[in-house]
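Spelled out from the first residue to the last, the chains are:
There are 4 protein chains.
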Amino acid sequence: MSSVLKGGRLKRTRRDVVNFISSLESDKRITLSTVLVNEAHVIALARCGAIQKPDARRILRALSSLEGYNFPGRNAEDIHVVIEDYVTKHTSRGVGGLLHLGKSRNDQVVTAIRMTLRSEIIELSDQILTLEFSILKSAKKHTATVFPGYTHLQPAQPISFAHYLLANCASLSRDVDRLSEAYRRVNASPMGAAALAGTSFPLNRRLIARLLGFDGLVEVSLDAVGGRDFALEILGNCALLASDLSRIATDLIFYSSAEAVLVSIPDEFASTSSIMPQKKNADPLELTRAKCAKIATNFNSALSIMHGLSSGYNLDYQEVTPLLWGSIDELKACLRILTEIMPRIAVDSKLSSRRYLEFTAATEIANLLVRKEHLPFRTAHQRVGSVARSALAQGLTFKDMKRSDWERALGRSIHPRTMSSIAEALDLDRHLRMYRTSGSPNPQETKRLISQELRSCARSRTRNARLEARLRRSMQELRAASKM
Amino acid sequence: MSSVLKGGRLKRTRRDVVNFISSLESDKRITLSTVLVNEAHVIALARCGAIQKPDARRILRALSSLEGYNFPGRNAEDIHVVIEDYVTKHTSRGVGGLLHLGKSRNDQVVTAIRMTLRSEIIELSDQILTLEFSILKSAKKHTATVFPGYTHLQPAQPISFAHYLLANCASLSRDVDRLSEAYRRVNASPMGAAALAGTSFPLNRRLIARLLGFDGLVEVSLDAVGGRDFALEILGNCALLASDLSRIATDLIFYSSAEAVLVSIPDEFASTSSIMPQKKNADPLELTRAKCAKIATNFNSALSIMHGLSSGYNLDYQEVTPLLWGSIDELKACLRILTEIMPRIAVDSKLSSRRYLEFTAATEIANLLVRKEHLPFRTAHQRVGSVARSALAQGLTFKDMKRSDWERALGRSIHPRTMSSIAEALDLDRHLRMYRTSGSPNPQETKRLISQELRSCARSRTRNARLEARLRRSMQELRAASKM
Amino acid sequence: MSSVLKGGRLKRTRRDVVNFISSLESDKRITLSTVLVNEAHVIALARCGAIQKPDARRILRALSSLEGYNFPGRNAEDIHVVIEDYVTKHTSRGVGGLLHLGKSRNDQVVTAIRMTLRSEIIELSDQILTLEFSILKSAKKHTATVFPGYTHLQPAQPISFAHYLLANCASLSRDVDRLSEAYRRVNASPMGAAALAGTSFPLNRRLIARLLGFDGLVEVSLDAVGGRDFALEILGNCALLASDLSRIATDLIFYSSAEAVLVSIPDEFASTSSIMPQKKNADPLELTRAKCAKIATNFNSALSIMHGLSSGYNLDYQEVTPLLWGSIDELKACLRILTEIMPRIAVDSKLSSRRYLEFTAATEIANLLVRKEHLPFRTAHQRVGSVARSALAQGLTFKDMKRSDWERALGRSIHPRTMSSIAEALDLDRHLRMYRTSGSPNPQETKRLISQELRSCARSRTRNARLEARLRRSMQELRAASKM
Amino acid sequence: MSSVLKGGRLKRTRRDVVNFISSLESDKRITLSTVLVNEAHVIALARCGAIQKPDARRILRALSSLEGYNFPGRNAEDIHVVIEDYVTKHTSRGVGGLLHLGKSRNDQVVTAIRMTLRSEIIELSDQILTLEFSILKSAKKHTATVFPGYTHLQPAQPISFAHYLLANCASLSRDVDRLSEAYRRVNASPMGAAALAGTSFPLNRRLIARLLGFDGLVEVSLDAVGGRDFALEILGNCALLASDLSRIATDLIFYSSAEAVLVSIPDEFASTSSIMPQKKNADPLELTRAKCAKIATNFNSALSIMHGLSSGYNLDYQEVTPLLWGSIDELKACLRILTEIMPRIAVDSKLSSRRYLEFTAATEIANLLVRKEHLPFRTAHQRVGSVARSALAQGLTFKDMKRSDWERALGRSIHPRTMSSIAEALDLDRHLRMYRTSGSPNPQETKRLISQELRSCARSRTRNARLEARLRRSMQELRAASKM
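Protein chains in written order, with this note's numbering: chain W, 1 to 484; chain U, 1 to 484; chain R, 1 to 484; chain A, 1 to 484.
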């Protein structure tokens, strides 16, 4: 137990117990935020007359010397008592002893976590956008690069590599949106809730909130300190983002396998084996996949910690915070590595001539049998399927099948124009241009979608910049108000 | 394999395999949505000239006879082939065989899930609001009912029972907000994405979307069918809601324990033991707690299913959907039971006279020693703590402590007015009125917050009603368009 | 509340509350076990003189008419009160009212779950062994069938398909062992613990245990009814088994992909697409993978339900049981489908002639450079790696590389015998026979391991049969004892 | 990429990529084991003639200088290349380059993890036993100390505090058993499996295993390096242990609450609030509960990482290991703190005189009505229940109820001896002695169970000591064999 808390209700807490319960290591992350919270609180105490201005001034001076300070961090419960200790030592027992008036570690810690978290959210969001820009840049080059679209890990229909990239951008954009919506719930101030019930000093909670850059209050005092749904929500958003990144890693590991060889990853992002000299392993992608599985389960860990807890602050919450920072840090590392890898992925430019991929034209062949030969789709589907089956049985592909093969399957003659349409569909480069729906891999449509996505990312980036500017302004206001 | 899919690419699938992979049981939930999707799709096919109007009309007639139909559900892979089978049987092979033109089970199933899910979201949101209204009604009666506020499961400071209830409403309101934001991402149409790449028929995706009540498209076709982030997001929101409900259940189980006896639960919501005749167990609360733990982990299960999957539809997704319906159904059951229980909770009206709760006045006594005796807060905190310690050591409480006890602890004389202030703080009913901060348990403030929360719930309810009206209008538009 | 429990401590429980808390649906699984528990208990009651023999006889007659009975299952809390109701109705209030003497639903339900579970464990274990036998039968045919061994999803070294199969048997055998060890902890009797504290009737707990086929007691009464670690342990074992099955499914999905084409799955275990006529999807394998993810997370769900609960029975435990049955049922379905699929997997018999797989000989080439050319392994590793690199850069493989290429890489001349050794290593069929360590894919060694594994599986099967015989004997003893 | 691996197949890996994929931080834990693995491997290489004895000697000398060495740990992929680098630098390229002959990082890392893990298992098991001894010591003092046994968090029947403690020992003993069984699966050697397929050098795998203290081999080479089920199993066992410790913490937090006050925790294990001077929070217990929730979910995280991975080593496995060490370290910290707390828990010695606990005699009163008044149990149960109800309605307890009250409830006269039996049952101290079943809280029985549990713990401790001795002997054998 810190010296500021000893000598009252309890005898000393044992050293080993303090070490066991100490959050100092994890508190390093919120040290600056905690100092700022103390400053804003002292300003509000002075403004409502709870403490004298000269005392406030002395405390604020001590606190400002603490910004950027790196606490030795030993034998203390947490950063809150360390700061009060420090202020008391650098002012006096009479003055430093006023610092904790009308507040509690309960509201202070959650306020500092929210402050640190909101900056992390903006940073995370910006890193997702950076990855998106890097992906979209690559997409621009590949709007006409044929790539197999898969379902069930089987080649399904021809798409372009750009279309594949765009699909991943679309899910990342939703991650950005979710973080932006959660930001509003994170950026509300608990300060003034004290332990759980507010205080009898007429503290202006909205003043404190404004000085700390919050957009509003977590109003009900018990709600402000009891519960961690804002952190759980971000952990949930991190889990969804991790799930999206993990899918990209999984795809690229398969696409770059010796069997698929659809893409290749630069040597500088691969490792070899210590024993098998021919190996080229996509190590950073495997680790991204694994780290993302871990991040995805951190939400579950946090929920389990919270299960069975009663209302009001419980020390159990302390174990939730490291999960939050852990998820965010790992995600940033994964985003950074993917941002480097994605634009350097080389696509095999000759995929359209791979024989086994001719089968991906099957749906379009069925479609044109509907249009040209007026078959019901289901009949066309079956006939094309049986042609595929007999081709495979002979080790052949669609291009090997002659008009007579098709006619045998259909049980009647086929118009020559139909045969030339089939040939056209089997030319996968031309195939892409046959798609006519909105959002399809048709190169024209893909270009439109890339432009649209770029504009959307730019808007998100601007929004993040505005949020950061807002935080900087409140910091200046806090500085100004400190000069009382 | 359904008859509509057999006879082409593959020989028959074994009966036991079909049973193993069949989703028919879970598809029951999306049968109506799937029929509507087929209707809108056929209208779009006819409008773009892909099929003839008379054929469309016959198909639509067959489909409309299917709304509300309960499929026998055996020996088929899924609802999609069952519907196509039905339509084919009720029209002809030539006409029914056109139904699947330009679409795939991949876009169809995810569209139907989104349609069913959006109604579930509105219903879930409404049920949360119903619970909130029921809680707030009870809160109105208890703005001055003293209740111990806990931290670390220890009585901390006096609050009111209304304040406790309000804190829970606040977190439920955030659940409502999250669902409302997620609704926007759920309510976008994948139809027209077909298997993953759109189609060569010039289908108007926006028309289909509008007829089905969607606000827009999931535009990129691969994104529209590959992935399930909309479902994961809702499972995440359900986990957070479950965490909130679980906390209420946990609280009430403790509050109604024979040791706490703060509240009592009506007999009709309790069970007795088969062997211990004196027992009164809060069974529905324990089950709510347990079910909520299960719901909270469903998100984790779904994330784990998705881990390691490549882009594009994978059959694994099929296992995610039952988790979604499971979480929602269990939540609705828990919400219903809590809505019944909450207003019937009886609070012990004499809590303010419980001796051991006098210690919850300690913070306020320290505060007034700061104000009246000009002690630094930290010093006051220690002195009050040592008085508490010596009182407890003698089996006494604060009210037993005389002026001399306080003076001994402070090491100096105390003004008589301070002593009367202490007495006032020890009167827990008056204590509540001493709180002066926004969001505190002061009864005046609590009344203001209740009104505010009621208005906010009313707004949310109106928003839900608007969403429902929008869905009804699109249904009418679909009906009208079906008459071609 | 059942009629047997009403009219005492509590007024009636509401109908909706009873439905919410009812476990009847899940209790169906333990109905027979519960009846048997009642029988053994009544015998023990009679033997210790707590009830009269004629009364016992009447109760036993009523109970025996219940074996195999299918309860309508509505409006009751659980099977326990339904049985007591039934017995009371079929005897008299005076006689039936004796049934619950000295026991509680708390010990009764957990005893019945353990009884049902132990049979499930034996069955599950037997099904794993059946899968193993089916795999080993296939392995016998493929001891010399070259197959690429992968690391990082990249071809690493040549193995045989039998070696691949054996590796999976090895992990399945550990699953069998774990279940067998857990069985001992499951098969201990809680009966006689009553609600949590035993009883004042001198019940012979060991007699009851023996009649019910248990090997011993869960002795400490509070421990016997409070907690569910035996169920959690089985859920954990199920998670590990699921993880093993999931890996097999994942492998086969990749091995049967259009890119790898290492194996093919019979049509009867595949499905086609509703739109893409060429598709052949390994649906049952994808579902196995997904179901296994779900099963793996059920353990987590159960742990989360248990978190934060106090000692002694809590109704929350009721939500753990369906997870247990769910995991077991899904595992049995997955085992059944894999047992059908595995022996029907066709391996491409010409894998040894695939050019890109020549690189898997690289480690052995490095090894022989150490042996024949006396290079340090690390140097050999690098030289072979650089040959691989230059081959790949030219679109060539190892067999295309001439002596001069190797000499250039090594920077010196190579003995002709070394070149012929390299050629030998590149003949992947001969390659397998070069492995000389225990447990390696050398066909001789593989045959030895198959025999060894077959013997081990046979031993496990015999052990299971002994356990079943033991259960049948206790059943006969119970029957005999019932005739008093 | 380490210098030992560069210059072959791949160009340099980027510095940021190496940092991203590096396992050096986590490898610190297995450094010594990895050195020993290298030593045993070199001995086997020399014995089979793959390398020359003088070379082996030089390598062994370099390796032995590494034991206890603390690697600077920067810019390297992992400990394996760091060791090879070091040996090469301290011998020569020609000699050091032989070190990796016939092995791979794949078998090396998993062997080192197993070696480190088996020591951790023994240590963990010993710490559980230490906690058990500490609990049993306390139990000896409390065999006759009345304590309420709870179900549904409601006082159910009187037990003793010793009985409560014994129940927790029983579950901890099962944790010890599980660890001991898993130890056998952990303590098998993968060495000689190399990358996945063994090697063409005639390495004696059993020799290596023996020198490293293993009891046998993980025989099938692909199985030996692909998969991590041994680690998952330990993580599962850790989850179960965590669940048991968490329950103890949860109990004590409730038992020491201001409402229950059944036990008190020494000040030195508690903390006060920074604002509420009267607070005494059981911080280390809350953190134990929270840490245990985290540990319980680590198994889930590891399972999720493994999901969707193909056979053979994947780098994803690297993320599993820190979870393993994390769970073990946190468990050891929790065990240590509980070992300190448990014997210092003070139980309220006057619990038997608490009025509300009289109701816990209800079951026994019903029992004696069966014995003395020949009521059917169910009738007795209802009558006692209705007496409890009417007592509670008047604010009374059982002792306040007169003979006439009981007679009114029963609807007939009661024998005076029955009334004195009721009085006896209401004397909770005597109540304990009425229990007559094996495993019940009867003080005589409790003493017997304590002795039995003490003997069982002593046996487990001896078993652990034997395992440790076995490991020390193999170390000596390795030392001896190193002197070649």
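Think of the hints as simulated: they come from the structure by calculation, not from any bench.
For every residue, glycine included, the Cβ atom is placed at its ideal position computed from N, Cα and C.
Treat the hints with care, since some could be wrong.
[As the list claims (entries may be wrong)] Where chain R lies over chain A, by a calculated footprint (3+ residues, C-beta under 8 Å):
hint, segment
1, 28-37
2, 185-195
[Unchecked claim] Calculated cross-link-like contacts (lysine-lysine; reagent style PhoX-like; alpha-carbon spacing at most 25 Å):
hint, chain 1, residue 1, chain 2, residue 2
3, U, Lys402, U, Lys140
4, A, Lys372, R, Lys53
5, A, Lys350, A, Lys372
6, U, Lys447, W, Lys372
7, A, Lys89, R, Lys11
8, R, Lys141, R, Lys399
9, A, Lys350, R, Lys11
10, A, Lys350, A, Lys483
11, R, Lys399, A, Lys399
12, W, Lys11, U, Lys402
13, W, Lys402, U, Lys140
[Said to hold, decoys possible] Taking CB as the label site, the calculated pair distances span:
hint, chain 1, residue 1, chain 2, residue 2, range
14, A, Arg12, W, Gly68, 18 to 24 Å
15, W, Ala458, U, Lys372, 56 to 62 Å
16, A, Asn19, U, Arg455, 31 to 37 Å
17, A, His90, W, Arg463, 43 to 49 Å
18, R, Gly216, A, Gly216, 27 to 33 Å
A quick look at each hint next to the structure:
1. Restraint check on the segment 28-37 of chain A versus chain R: 0 residues with Cβ-Cβ distances below 8 Å, three needed, restraint violated.
2. Remark: the segment 185-195 of chain A is confirmed as covered by chain R, as 5 of its residues place a Cβ nearer than 8 Å to a Cβ of that chain, reaching the required three.
3. For the suggested pair Lys402(U) and Lys140(U), the alpha carbons sit about 37 Å apart, so the restraint of at most 25 Å is broken.
4. A threshold of 25 Å between alpha carbons decides the hint, and for Lys372(A) with Lys53(R) the separation of about 18 Å falls inside it, so the pair holds.
5. Using a Cα cut-off of 25 Å, the hinted pair Lys350(A) and Lys372(A) is violated, with the two alpha carbons roughly 30 Å apart.
6. With a C-alpha separation of about 73 Å, the suggested pair Lys447(U) and Lys372(W) falls outside the 25 Å cut-off, and the hint is violated.
7. Between the alpha carbons of Lys89(A) and Lys11(R) the distance comes to roughly 84 Å, so the proposed pair goes past 25 Å and is violated.
8. Annotation: proposed proximity of Lys141(R) to Lys399(R) is violated, straight-line Cα distance about 28 Å (limit 25 Å).
9. Note on Lys350(A) and Lys11(R): the hinted pairing is violated, with a Cα-Cα distance of about 33 Å set against a maximum of 25 Å.
10. Only pairs whose Cα atoms come within 25 Å are accepted, and Lys350(A) paired with Lys483(A) is rejected, the gap being roughly 68 Å.
11. With a C-alpha separation of about 96 Å, the suggested pair Lys399(R) and Lys399(A) falls outside the 25 Å cut-off, and the hint is violated.
12. Proximity of Lys11(W) to Lys402(U) is assessed by CA-CA distance (about 23 Å); at most 25 Å being required, the pair is judged to hold.
13. Taking the CA atoms of Lys402(W) and Lys140(U), the gap is about 82 Å. The hint is violated against a cut of 25 Å.
14. In this structure the hint that Arg12(A) and Gly68(W) lie 18 to 24 Å apart at CB is violated, the actual value being about 37 Å.
15. Taking the beta carbon of each, Ala458(W) and Lys372(U) are about 59 Å apart, inside 56 to 62 Å as hinted.
16. Hint check: Asn19(A) to Arg455(U), Cβ distance near 53 Å, so the stated range 31 to 37 Å is violated.
17. Look at His90(A) against Arg463(W): about 57 Å separates their beta carbons, and that is not inside 43 to 49 Å.
18. A beta carbon spacing of about 30 Å between Gly216(R) and Gly216(A) agrees with the range 27 to 33 Å that was offered as a hint.
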